[in-house]
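Trainee: Line order of the protein sequences matches chains A and B. According to this note's numbering, the first sequence is numbered sequentially starting from 187. According to this note's numbering, the second sequence is numbered sequentially starting from 124.
Please keep in mind that the hints were generated in silico from the structure rather than gathered at the bench. Mixed in with the good hints, there may be bad ones.
To be verified - Think about it this way: if two alpha-carbon atoms lie no more than 25 Å apart in a straight line, the pair counts; the simulated DMTMM-like pairs of lysine to aspartate or glutamate are:
no., chain 1, residue 1, chain 2, residue 2
1, B, K202, A, D634
2, B, K231, B, D304
3, A, K247, A, D234
4, B, K202, B, D192
5, B, K202, A, E562
6, B, K202, B, D304
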Amino acid sequence: MARGAASLLRQAPRLTIALLCLPVAAGLAGTIVPALSDGAQGLRAAMDWPGFPGALWLSVKSGVLATVLSLCITLGLIAGLYGTRSFARVQHLLAPLLSVPHAAAALGLAFLIAPSGWLVRLVSPGLTGWTQPPDILILNDPAGWALILGLVAKEIPFLFLLSLAALPQTDAPRRLAVAFSFGAGRLAAFAVAILPGLYRQIRLPVYAVLAYSATSVEVAMILGPSLPPPLSVQIVIWMNDPGLTQRDTAAGGALIQLAAVLGLILLWRLGEVLSRLALCRWAEAGARGLLAQAIVQPVVVASGVLLAGLLVAGLGGLAVWSVAGLWQFPDALPQSWSLAVWQRTGDALLTSVAETIRVALMATAAALMLTLACLEAESRFSLTVGPRALWLLYLPLVVPQVAFLPGLQGLALRSGAEGHWLAVAAAHLVFVLPYLFLSLAPAYRAWDGRIAVAGAALGATPARVFWRLRLPMLLRPILTAIAVGMAVSIGQYLPTLLVGGGRVQTLTTEAVALSSGGNRRLIGAYAFLQMALPALFFWLALLLPALAFRNRRGLAVAA
Amino acid sequence: MSGQLQLDALRILHGGQTIVALDLVVSPGEVVTIMGPSGSGKSTALSAVLGTLSPAFRMQGRVLLNQRDVTTLPPHLRKVGLLFQDDVLFPHLSVGGNLAFAIPPSVKGRARRQEMIDAALESAGLPGFAGRDPATLSGGQRARVALMRTLLARPCALLLDEPFSRLDAALRVQIRGFVLDRIRAERLPTILVTHDIEDARAAGGRVVTPLGAPVSLE
Chain A
187 MARGAASLLR QAPRLTIALL CLPVAAGLAG TIVPALSDGA QGLRAAMDWP
237 GFPGALWLSV KSGVLATVLS LCITLGLIAG LYGTRSFARV QHLLAPLLSV
287 PHAAAALGLA FLIAPSGWLV RLVSPGLTGW TQPPDILILN DPAGWALILG
337 LVAKEIPFLF LLSLAALPQT DAPRRLAVAF SFGAGRLAAF AVAILPGLYR
387 QIRLPVYAVL AYSATSVEVA MILGPSLPPP LSVQIVIWMN DPGLTQRDTA
437 AGGALIQLAA VLGLILLWRL GEVLSRLALC RWAEAGARGL LAQAIVQPVV
487 VASGVLLAGL LVAGLGGLAV WSVAGLWQFP DALPQSWSLA VWQRTGDALL
537 TSVAETIRVA LMATAAALML TLACLEAESR FSLTVGPRAL WLLYLPLVVP
587 QVAFLPGLQG LALRSGAEGH WLAVAAAHLV FVLPYLFLSL APAYRAWDGR
637 IAVAGAALGA TPARVFWRLR LPMLLRPILT AIAVGMAVSI GQYLPTLLVG
687 GGRVQTLTTE AVALSSGGNR RLIGAYAFLQ MALPALFFWL ALLLPALAFR
737 NRRGLAVAA
Chain B
124 MSGQLQLDAL RILHGGQTIV ALDLVVSPGE VVTIMGPSGS GKSTALSAVL
174 GTLSPAFRMQ GRVLLNQRDV TTLPPHLRKV GLLFQDDVLF PHLSVGGNLA
224 FAIPPSVKGR ARRQEMIDAA LESAGLPGFA GRDPATLSGG QRARVALMRT
274 LLARPCALLL DEPFSRLDAA LRVQIRGFVL DRIRAERLPT ILVTHDIEDA
324 RAAGGRVVTP LGAPVSLE
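Can you make the complete structure from the sequences, with help from the hints?
Mentor: Written out as C-alpha cells, the structure is:
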C-alpha cells in the first residue's frame, strides 16, 4: 500500500504535465484540423471576412502596446521606487488588484471613462459646461485605446508582483549600491545592474501578458471597438453563430490568431536581443542616465500610480452603481440610494455565486492536490526541475485561449461533457494549476528541510512528516495559493462560456453578457460580487493562519 | 532498548575522494567524538548513520544497530535519534505537542502519553511547560526540550551534530552536562560531532577524525 502510494506520487509530475499539455494539444488539434480541412475553407473564409485586416491589426496593436507599456511602467516603478518608503505603499496598492477579474476591472474602467461616466461627471458641468453626456467615442473607440488602457492597468499588478518575487534573486541592494557609487542615476543603475537578471526571470510572464493582451476576449468585448472588433472577439462571435455554419471560419480565425501570437513572441524575442545590445552599448558608454532619470522616471511612476488609481476608482464606481437610486447626469453622486437591484435579483445573484464557487472550488482543489503531489515528489525523490518544465507550466498561459478552447469545445460537444459544471471545472484547471503552482512552489521549496530530518529521526514516516509537519507549517502559503486559484477560476470567461455551452453561468459570464446592455445597476452588482469573491478568499487566507497560529510566535508574519 | 552502534568499514566517497572512513563499535553509554574542521565530512558521516545521505555521495560498508543491519533502511525505521546544532523544534506545535509527536504510536491511551510528556518535562526541570509556545522559551529551555523529544522516541543510538555550538559559554557547560548525563543514564551509544575540544573532553570517550585517525586532546 505504502509502496503503491509512493510510486503514484513519483508519477505526479508526469500526470500534471499531461493534464496541462493534453488539453492544449487536443484543443489546438481541434482548431487546426477544421481550419485546414476542405481545402482550408475555414481559413479562407476568415481571411475573406471584410473586417479581417482591421481585426488582426487591432489584435497585434493591443498586444504589443499593452505589453510594452505595462512592462515599461512596471520596471519604471521598481527602478524609481525600490528601497524607498513609497515602494511598500505601491505594493499594497497593486497587490489586491491582482485578484480582481479582468472583466470586473474592465467594467469598472468602462463606467469611469464613458461619456456619462464618473470622470466626465466630476468636471461637468463646472469645467465643461456639459449638461448632457458628450457625444464622443471614448469607450469602444475604433483605434482600441480604451482597450489598451484597460489591459495595461490590469497587467501592471501582475508584472509588478512577479518582479517583486524575482527581485531577491538579483542581489539588488548590493548591486544598486555599487552602481550608485559610480554616480549612476536610479534608472541607469537599475537598467544596468538589475534588469538583465530580473528580466530573465519574468520573461515567461511577459510572454503570457503579450499573448493575453493580443487575444483577450472579455476585456475587448467591454472596452474594445466593435466594427471591427479585435480578431479574438470575432472568433467568439463566429463560434456562437446559432447556425453552427461558422465553426470552420472560427477555427480558421483561431489558427491565424495562434500564428499571430507566435509571430509576436518571435518578434518580441528579437526585440529582447536588440534591447540587450543597446543596453550593453549604453552601459559601456558609461551612461549615468541622469537626464532620463529627471524626465522619464516621474512620468513613469506617475502613470503607474494613476492607472492603479483609475482601476480602484472604477471598482468603487461599480459598487456605487449597484446601490444607486436616481443618478442623473451630471451629478457626481446618486441623488438617492437603493438596494432595489440587490433585492430584485438577489436569487439570480446567489445562484451565480453558488455556481461560481462550485466550479472554482473543484478546479482549485484538483490543482492544489496536483501541485502538492508534484512538490512533494520533487522533494522526496530529489527530482530536479529544469527550465523545460517551467515552459510547460506556462504553456496554457502563452498559447492564446481563443486558439485552443474552440477545439476543446468541439471535443466537449462530441463527448457530451459540454454544459456540465465539471467539464467547466476541468477546463478551468488548465489555467488555475499554473498560477497555483507558481504561487505555492517558492514557499514549499524554501521550507526548512531539517524539520523533515528531525521528524524522520523521531520515527515519523514521510507521510506523517508531510501531513503533520510540512502542511500545517505551510498553512499560510497554501491558503494564499488556494485564494490565487479561486481568483483565477472566478475570473475565467472564455472557458466557462465555451465549455459550459452557455449553460454554466458564473458571475463572470453573466457580467460580460450584461455589459452590452445598459443596466448599470445590475452590471454593478454582478461585477462587484465578481471582485468581492476573490477578495473574500484572500482575506480568509490572511485571517485563518493568524487565528491558527495566534499563540505561535515562530510562525508570525515577518513584519 | 540500548545496545551497540557499529560502523562496519564505513567509507563515504565524494567525487572519487574518500571523506569518511570509520570502523567503530560504540558501546552502550559511550560517547565517541568525531572531530575535524568544518567541511571535513563530520556531518556527512552522521547522515550516513541516519540514512539521509545525499545521492551525490557514494557509500560503502554497513551500519549495525544491536547487530541489526540498518544500512538500507529508511531513516524513520532506523531508531537513531538526532540532535541538531539548532533545536529544530516544530514551531506550529506546543512544547507538549513536540514531545507527543516523538512518542511512538505503539504507546496507546491519551492519559498514558500525557503522563510520559509530563514526566519528561519534569525531569528536564520544565514542569508545566507542555502548553507553551516553543518560540517563547529561552535557548537553554529549547535545547532541553529538544533532547527530551529525541529520548521520547526511544532511539537505540544517538547522534549529536554540534548541538552545543550555538549556546553561550555558561549555558553550554550546563546543557552539555545535562545531555551527557542523560545519555549515560539511558546507556545510549552516541556519536558526537564537534570542532570544540572542550566538548570532546566532556564526552570522555574516544576521539577520532572523519577518516578514523585517533585525535589526542593534549
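Trainee: Of the numbered hints stated earlier in the document, which are not met by this structure?
Mentor: 2
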